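**Student:** Here the protein sequences come in this chain order: B and H.
Going by our numbering, the first sequence opens with residue 1, and the numbers climb by one from there.
Going by our numbering, the second sequence opens with residue 1001, and the numbers climb by one from there.
The reader is advised that the hints may include incorrect statements.
[Unchecked claim] Now the stretches of chain H that chain B is said to cover, found in silico as 3 or more residues with beta-carbon under 8 Å:
#1 1007 to 1016
#2 1050 to 1060
#3 1067 to 1077
No wet-lab data here; the hints were simulated from the structure.
Values in this document were obtained by computation on a predicted structure and should not be read as measured data.
A virtual CB, placed ideally from N, CA and C, is assigned to each residue, including glycine.
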Amino acid sequence: MTIKNRAFIVGAYEHPTRHAPDKSLVQLHAEVAIGALADAGLNKNDIDAYYFAGDASGLSSMSMVDYLNLKVRHIDSTEAGGTSYLMHVGHAAQAIAAGKCNAALITLAGRPRSEGSSGAVPRATGDASPEAQWEVPFSATTVNLYAMCAQRHMYEYGTTPEQLAWVKVAASHHAKYNPHAMLKNVVTVDEVLGSPMVSSPLHRLDCCVVSDGGGALIVAKPEIAAALKRPKVAVLGAGEAIKGQSGGEIDLMTSGAAVAGPAAFAEAGVKPADIKYASIYDSFTITVVMQLEDLGFCKKGEGGKFVADGNLISGTGKLPFNTDGGGLCSNHPSNRGGMTKIIEAVRQLRGEAHPAVQVKNCNLALAQGTGGRLGSRHGSATLIMERQ
Amino acid sequence: MSKIASPAVTAETAQFWSRVNDGQLTVPQCKSCGKFHWYPRANCPFCTSDSIELKPAKGTGTIYTYSVSRRGKNDSYVIAYVTLDEGVTVMTNIVNADAAKLAIGQKVRVALVESENGQRVPMFEPA
Ligand SMILES: [Zn+2]
């Protein structure tokens, strides 16, 4: 069974807030859910499935379904960090294709900025995490677990700090058109390299922002999509993977996208060269480079060259990416960028991105997520979507 | 240098950590398939056998990758993956080194360093 053309993204909403100290976490979830329903033109009673990753909040889907007062017959709380929401779309499409539900609501919300979270200090993992005792004594942090991938990438392939900086520069060229972006100023390669070193070889401007906020999606069966007034965005293919330390046989140069990407392309029946717009998870600049290689947009080791010289900038580059400014400039709600990756891809396919960054005739888009830590264990998911 | 957080030792890993306190880094080796693995666990991650032996490590290896991480305003530390001569790659810190002179491929040797509660943990220093 394939999910190709069996489900459509009919509603998408990104919370405009980047700092929400006065709102509760569940309130943010409710606000994005209401926003996605309004965007789709559906009401709450049309929803019969709920997808929720927990967002490391301790909340259960039982609490959320009860708080939102949903009547659901299908739930999924797959948790794989910031890429969970791409997995949710794929799983919702499967459930719809199997007749388990008609319209699935997916929500993400978080307040890490209000709560003082940082990627540069060790984050608590659950007591049951088997890896904690092998990593906590060494002060593993989110940023240094990506920095070690960057350091090895430079060693193996000659990738340069300047090439990594181009990822941020491209994102900033898009963020200047996003009134909600946290960082709206265009930056240069020199400014990235001149920002403080957080964890070598990654500078502060190689890192994404910390923001509050959230987003929601509604995935529905074809009959519902056809009856709504919004442009139709079909799910063509999805792939997912989890990659870890492989029992000590560590390879930090290939991400889970090398598994998730080909699966999604095969299901969709398209190839990288067909993609008009790509949302690529940008927790750090190196994350983008490695995912582009693993997805097949360029050969392994040539990601640095691929992203250099503005190749990711809409209108001038070959592969316009993250036209909302992405996690590097716009937002990273709950320290999770997968939801906004899908939302901006939906905007592009609907022709509703900012006119200055809208890709012409954007009929085929990809969203790619990497959640968790690239340098220890991470979830990876790829979605391919088409405007119909 | 700031305090080193102690590992939360479990019944599954107590023997490994106790050997470290005795001054011996070991690497788990499966008696069934013969492969070394990391991190230590009750069942072999390659063949699932529960017949695991903690083999004394040579205590030497090479830096697979590393990063100099800022801690607070004036402090920094080096996190690294070191590939042991036994073949497995382990997360660790590089200590007693000039961070500016470190390189991938560099030879290192184990240095057992006391953490907050007295449990020693395996770090590495230039060989
Ligand atoms: Zn074995």
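**Student:** Hints first: check each against the structure and report whether it holds.
**Tutor:** Hint check:
no., hint, in the structure
1, 1007 to 1016, "holds (count 5)"
2, 1050 to 1060, "violated (count 0)"
3, 1067 to 1077, "holds (count 6)"
Hint compliance for this structure: hint 2 alone is broken.
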